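*Asks:* Here's the letter readout for the chains.
2 protein chains.
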Amino acid sequence: MNQFNLGMIGGGTVGSGVFHALQQNSALLTARIGVGIAIRKVAVKAFDEPRPYPITEKLMTLNWRDVVEDPEIHIVTELVGGTGIAKTMILAALERGKAVVTANKALISAHGPELFAAARKHNTSLYFEASVAGGIPIIKVLRESMVGNRIDRIDGIVNGTCNYILTRMKREGAAFADVLADAQRLGYAEADPTLDVDGHDAAHKIGILASLAHGFWVDHHDIHVEGIRSLTPLDIRFAAQLGYTIKLLGMVRMAPPASGKKNSGPRISVSVSPTLVPDGHVLASVNDVFNAVFVSGSPIGDTLYYGRGAGKDATASAILSDIADAALDRKHGTPQRVPPFVAHARDGKVIPYAETRSRFYLRLNVLDRAGVIAKISAIISKAGLSLSSIVQPEGHEGETVPLILMTHIAQRAAMDKAVTAISKLPAVKGPSLLLPVEDFG
Amino acid sequence: MNQFNLGMIGGGTVGSGVFHALQQNSALLTARIGVGIAIRKVAVKAFDEPRPYPITEKLMTLNWRDVVEDPEIHIVTELVGGTGIAKTMILAALERGKAVVTANKALISAHGPELFAAARKHNTSLYFEASVAGGIPIIKVLRESMVGNRIDRIDGIVNGTCNYILTRMKREGAAFADVLADAQRLGYAEADPTLDVDGHDAAHKIGILASLAHGFWVDHHDIHVEGIRSLTPLDIRFAAQLGYTIKLLGMVRMAPPASGKKNSGPRISVSVSPTLVPDGHVLASVNDVFNAVFVSGSPIGDTLYYGRGAGKDATASAILSDIADAALDRKHGTPQRVPPFVAHARDGKVIPYAETRSRFYLRLNVLDRAGVIAKISAIISKAGLSLSSIVQPEGHEGETVPLILMTHIAQRAAMDKAVTAISKLPAVKGPSLLLPVEDFG
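Protein chains in written order, with full-length UniProt numbering: chain A, 1 to 441; chain B, 1 to 441.
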């Protein structure tokens, strides 16, 4: 039987989770794939770094180069994260012909093509199932199981921190800042929550999925990103009254071909935004730290993949499946059997967010006086937009009251223009909130 | 670029779906996998057999041997179904070293190991992603993405016909027979619905999943199977009042090791039964013809895979992914890279259904008189069982009235014995219904 040696870089939460999972299940894994996996070295930040599972002391080293330079190591896991030293580590391992397995979404998002090229050049490969949605095998599903499908849309709840916060805001009617503080205390949010709550982490992930689905690498600067900081308990409640749940969605859509241009490659939109999801849709029931990715394609139709999107254990499952693939690819000498990325539509393009179309939810604060709604309606109608409903919720007293508008499908540019004009009305006070509404029609 | 020729056997609903999908997406498929797929022959029952998409006339033949005997054909799809001639077709193709792709759950369930051995012997492989849950890539997920996991439980809604009927019974309060008749009229149920509504189709599928997860081939005679015929609108309503939705679940559970025996291999239970699922659980929201498979493992935790479980288009997606894998395996000369089945636990065992444990729902018809509940409770308590609730729903008048008992966790054998004793009470009339309750705790 073949046996391959594994070197790990990173022995913190995720690293020790992988170590533990391999200890628990390596006999099972070996029996299933017919290849043995032996952990040879684990590079850690500090021997006594806090970690949920212990790592065998004699395997630990403080120098990551001990791992990538060990000629007996065939497969390297990079579980350090970030776009700095992690890139150097991965390139150093690839250059030595080692297979690399990573969970690093930020790095893949920013430097994927460069890393993939290095892997190809050195006749090895880079595996990143764990980089998107933790334990959910969405990379393999998109790349292999849906290989015969045109991918029409992807809607992903791919940030567990945001989903946890939104779930509690809805259940408890609580404010964003309060739930965030609690999430930080419980370890569900980082001390600096920016990457999560401002949508950047979700953008890394949805950009990777968009790239795999559409065959050109999506530059993360082309992704429109909005986080969940500006959501209020009122928005959550108003959405609920209208039959919707607000989720932070990463969204990929096919856009119509550019007019006048034939065969100009796929045009897609890629965005991250809090979005109103109908309560009857499966995504609305995805709660707490769970992730889910809804993918609709042709011929497959609607599909959904659900599981834990982060954490030491779920991530370890994805890492182990990549290690198994790396081991089989090495055994058979087929490192690029399923390449990390196939650029099958180099001429693809991400359209500007202003050109996207959807229904909208607009929450305004207006002075409680006659004629205000008429003025707002006039602006909406002059912009060529049409409303599906206007709600002035009861129970609000004071100088200003909330006003909720729901539109039919409109272009974002026209909607933004109308909101700017509405905001200039003397009767409209304070910040407004504009969110897309998805009916999955 | 490599190109492989495809021969198809079966040009009806699913066959024409595959033909159509390949016509639509073969350029995309080829761009993604770097291998061309050309359809060379399609064996059909009749040239003018009704089919949803047309098949190019000059490719059609009435003789399936034209397909398996064509030396230029590398990959064969068997989309005929059943356990008769289909087996001969597949063996004939495998014997000639061709890769075979099938959607035939009944055949795989009954003769999987024999077919897999034939594939191995002839240095080729057999692919059957489409045999379970249509477009949902559950075979690849279990076999590859979850390869590093111990599989603790599987709960699958894997029969679209039953799920459609149960969904409508719940929505409309309608009777089984009426919805079945309507489903037959709409083409969601066969003229002879036995295979679906009596649970046999679900048993084929859950048996395949159990085998892949646990590493020994599950004999379908060891699967306890109950269908949905005996469900009444009352049961659906009572379950709803208690916070549950009744779904036909295929279930796989790990059983505790046999006492006194060490290392005796995995012991599992495999069953198909209408089951009470809590309304808050994702499986309860899987409606209409959709399928979903809930898999819980270690380290991955809870996961769910959702999509269309049947139909020409969803099935075509699974067939295309298998064709892609077959083509890559052929290109690289690695037909058994991921074998159809790995018997990694030959000493595994399916325990008798009587030994399984769960909570139970028991619906009785009792004479509406004093002392009946006391007598029933006495039997329950004497059997060592305990009740979590007793409901005598209001609004029922007549000689007999329904009585609903919900138990705590109990062994099936004890429960069956108690039900037999209860049924003998003079005050208990007509058929009772005993269903498992799953709380996913």
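In case anyone wonders, no lab produced these hints; they're calculated from the structure. Values in this document were obtained by computation on a predicted structure and should not be read as measured data. Ideal placement from N, C-alpha and C gives every residue a C-beta, glycine not left out. Just so you know, not all the hints are guaranteed correct.
[To be verified] Restricting the straight-line Cα-Cα distance to at most 25 Å, the calculated cross-link-like pairs of lysine-lysine (BS3-like) are:
| id | chain 1 | residue 1 | chain 2 | residue 2 |
| --- | --- | --- | --- | --- |
| 1 | A | 429 | A | 375 |
| 2 | A | 331 | B | 331 |
| 3 | A | 87 | A | 121 |
| 4 | A | 382 | A | 429 |
| 5 | A | 331 | B | 375 |
| 6 | A | 375 | A | 417 |
| 7 | B | 429 | B | 375 |
| 8 | B | 331 | A | 121 |
| 9 | A | 170 | A | 121 |
[Unchecked claim] Only some residues are given here: those of chain B computed to face chain A with a beta carbon under 7 Å:
| id | residue |
| --- | --- |
| 10 | 29 |
| 11 | 140 |
| 12 | 257 |
| 13 | 305 |
| 14 | 321 |
| 15 | 344 |
| 16 | 346 |
*Asks:* Keeping to a limit of 25 Å between CA atoms, is the pair of residue 331 of chain B and residue 121 of chain A held or broken?
*Replies:* holds (21 Å)
*Asks:* For the pair we were handed, residue 375 of chain A and residue 417 of chain A, check the Cα-Cα distance against 25 Å.
*Replies:* holds (15 Å)
*Asks:* Can the hint on residue 305 of chain B be confirmed by a CB-to-CB distance to chain A that is less than 7 Å?
*Replies:* Holds, about 6 Å.
*Asks:* Is the hinted pair residue 429 of chain A and residue 375 of chain A satisfied, with a Cα-Cα distance of at most 25 Å?
*Replies:* Within the cut-off at roughly 14 Å; holds.
*Asks:* Is residue 331 of chain A within 25 Å of residue 375 of chain B, Cα to Cα?
*Replies:* violated (67 Å)
*Asks:* Verify the interface restraint on residue 257 of chain B: the C-beta must sit less than 7 Å from at least one C-beta of chain A.
*Replies:* Violated, about 16 Å.
*Asks:* Hint residue 321 of chain B vs chain A: min CB-CB distance below 7 Å?
*Replies:* Holds, because the Cβ-Cβ distance from residue 321 of chain B to chain A comes to roughly 5 Å (cut-off 7 Å).
*Asks:* Is the hinted pair residue 382 of chain A and residue 429 of chain A satisfied, with a Cα-Cα distance of at most 25 Å?
*Replies:* Distance of about 21 Å is within 25 Å: holds.
*Asks:* At a threshold of 7 Å, is the proposed contact between residue 29 of chain B and chain A supported by beta-carbon distances?
*Replies:* Where the cut-off is 7 Å and the nearest Cβ of chain A is about 5 Å from residue 29 of chain B, the hint holds.
*Asks:* Within 25 Å, alpha carbon to alpha carbon, are residue 170 of chain A and residue 121 of chain A?
*Replies:* Outside the cut-off at roughly 50 Å; violated.
*Asks:* Does residue 344 of chain B pass the interface hint, meaning its C-beta sits closer than 7 Å to a C-beta of chain A?
*Replies:* Holds, because the Cβ-Cβ distance from residue 344 of chain B to chain A comes to roughly 4 Å (cut-off 7 Å).
*Asks:* Residue 346 of chain B was flagged as interface toward chain A. Is the shortest Cβ-Cβ separation under 7 Å?
*Replies:* Violated, about 11 Å.
In this structure, the earlier hints numbered 5, 9, 12 and 16 are contradicted, and the remaining ones agree with it.
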